[in-house]
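> So the sequence lines, in the order shown, correspond to chains A and B. The opening residue of the first sequence carries number 1 in the working numbering; numbering runs sequentially from there. The opening residue of the second sequence carries number 1 in the working numbering; numbering runs sequentially from there.
Just so you know, the hints here were simulated from the structure itself, not pulled from any lab data. Model, not experiment: these values are computed from the prediction. Just so you know, nobody snuck in bad clues.
So these bits of chain B aren't anywhere near chain A, every CB distance computed over 10 Å:
#: 1; residue: Leu70
#: 2; residue: Pro149
#: 3; residue: Glu345
#: 4; residue: Arg349
#: 5; residue: Arg361
#: 6; residue: Glu377
#: 7; residue: Gln380
Quick list of in silico lysine-lysine cross-link-like pairs, DSS-like style, CA-CA up to 25 Å:
#: 8; chain 1: B; residue 1: Lys40; chain 2: B; residue 2: Lys69
#: 9; chain 1: A; residue 1: Lys388; chain 2: B; residue 2: Lys367
#: 10; chain 1: A; residue 1: Lys181; chain 2: B; residue 2: Lys181
#: 11; chain 1: A; residue 1: Lys187; chain 2: B; residue 2: Lys239
#: 12; chain 1: B; residue 1: Lys326; chain 2: B; residue 2: Lys281
#: 13; chain 1: B; residue 1: Lys282; chain 2: B; residue 2: Lys360
#: 14; chain 1: A; residue 1: Lys187; chain 2: B; residue 2: Lys187
Yeah, the Cβ is synthetic: ideal placement off N, Cα and C, and Gly gets one too.
There are 2 protein chains.
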Amino acid sequence: MEPEDRGMVVTPWKVEGEIDYEKLIRQFGTQPIGDELLEKFRKHTGGLHYQLRRKIFFSHRDLDWIFRKLEEGEKFVLYTGRGPSGPVHLGHIVPWIFTLHLQETFKAKLYFQLTDDEKYLYHDDFSLPYTVRMARENALDLIALGFDPKLTKIILDVEHIDALYHVAIQVAKHITGSTIKAVFGLKDSDNIGLTFFPAIQAVPCFLESLLQGRNVPCLIPAAIDQDPYWRVARDVAPKIGFYKPAQIHSRFMPGLGRGGKMSASQPETCVFLTDPPEEAKKKIMNAFTGGRPTAEEQRKLGGNPEVCSIYQYYFFLFERDDGKLKALWEKCRGGAILCGECKLELAGRVSRFLEQHQEKRERARDKLEEFLLSGEERRQILSSLLSKV
Amino acid sequence: MEPEDRGMVVTPWKVEGEIDYEKLIRQFGTQPIGDELLEKFRKHTGGLHYQLRRKIFFSHRDLDWIFRKLEEGEKFVLYTGRGPSGPVHLGHIVPWIFTLHLQETFKAKLYFQLTDDEKYLYHDDFSLPYTVRMARENALDLIALGFDPKLTKIILDVEHIDALYHVAIQVAKHITGSTIKAVFGLKDSDNIGLTFFPAIQAVPCFLESLLQGRNVPCLIPAAIDQDPYWRVARDVAPKIGFYKPAQIHSRFMPGLGRGGKMSASQPETCVFLTDPPEEAKKKIMNAFTGGRPTAEEQRKLGGNPEVCSIYQYYFFLFERDDGKLKALWEKCRGGAILCGECKLELAGRVSRFLEQHQEKRERARDKLEEFLLSGEERRQILSSLLSKV
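Bound-form chain A, shown alone (with noise of 0.2 Å):
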């Protein structure tokens, strides 16, 4: 790392330090999202969603592409997935609320994979019980948030494995130990199901066009963190004949704690899907502002939102009226505000989404099965395999 990244480390399972994404951008490769495309976004889906006013999508690779080929007739599919290593925060459902945006206007199926071999495999102390539970619970948080069955495959690894591992294992054929070192910064010293995972990961790229039996354009709304994997996808796709997935890329939400600080491993810095909504407000109340450090300062010099945890989460979630926050940041910043009464107002609006979420959450059990990928289409993925035996 060059000494101006301040200790900037983004790889799938370590975001540290403060982010570039300018940085970020140059270093994946990967390209801004401009104007034109925004102007695409404009044309097919009659606005822009706050995630692009904001940008936080900012980045793709291909979606170019993707816009082409569905002026060109061919509609895409979507894929995203989580790590279920333990209960989804308010930092994992903003790219899944912008997927849900693009199911909506684009009527666009959805692959939404479940990694609990991959989170099994990574953590030391997690059981495969565990993480096998974990996806099931996770699931439950997507379709919460309103996705559509009729167009949701939920694909849970361990489960599912019938019909992605003949997949897997022409993906990983096309790899080498050598790339997954370069790209992952995995060691000898690593397992080798670490070492296998992301070819489990490329699999759902291609079942969709596996069941066509037809190529279908593949767009990854995910996490920049997540590119690594379809850097390897996008090398090894054409080599069996499938398209290169296309990726639109998300910025991360900072956590509660100082400087923008979230880790699931300090629950006191993010607010889970599943916390009790008092919980949830005491996290809020007690986050790491910019605020001064008394009311008569606050008033007189103003606040600093630029480093407030407290404004990230209505940038990213909780206030999606552009003229809203703009007022916000402004009273913020002319000491119109202070730091107890925005905590309070934010910490309403947290608990009362925490509650019709969960309320949400527990009438998702009796659907889980409804979105699960189904035998049948397992068994018609792998059947693209044995009708050329």
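Starting from the known structure of chain A, fit chain B onto it as the hints suggest.
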């Protein structure tokens, strides 16, 4: 390799040079099968199979433990398999014949794994449909030998992965890349599927334990080149709560070429079970022998059965009566039989075997499903995990 190895290379993918079996025992750290163990076989099976009498099975790991467990009332299951890279040849069935003997005399359940995934991953020019098809074709040869459908579970890796993967990742979590490099000689330039594969090959050691919900001893009869897989499986087994699998190792049957060369890539050096009997006869008539340049010299000086590929065919498969084998050896050494006559006799035996085998093999097509690990069994194996979730 030391100079005295004369180019001996024994890995799961390559067997080359003049094999020094004593040295293999030292290199691999296995045990020779001594008189005490042969006595156990006599006691339990009422005699000694020709492959034990002739030390075709010559080495083991924990075979004494298998007998101890048996005598304490814990029956073992058998596990062996085949990499379906092409048609089965006579050399492959040597350990299968011994496995059949063990199944019959101990009424032991057999897991037989067909590694269509491994062979696809190993051979650049193999397609996955090809190895998946060869797996089913090779299974027919196994069935034709007379295995008991009630006691035999054939595993097709790609099609039965739903029963294997969750166990494989538990194995994989305990194997580092360094171990795979050291044990199998893989390099960073090899593909990540091959690196992961030893975890898949370990799984059948543990399937009966998962089905029964308690630890069941497993004995693996196989050619000694497969030993590296079991070394790794044995290291991992206790870490994930299973017994270490025991092994009994066989020698390689030499081929028909000079110096006992046999290679599937040189089809004239081995007899495939699907060869038309007439073609097999021709291969045998063209084989390398220990004969003299002229009939006259041979009558005077005698032949050399030690270097004769034809003699090895009698020894490994086609003359199971020790007295008759010894008589043949002596006739050859004494110049009382010429190579033509000896070959003609073997050719007759081989072609009669092939005719009968090929009939049984065709009838086996209708029985294949009965032998395959069933969907119900696979669900039961997976539920050994899911019941803990």
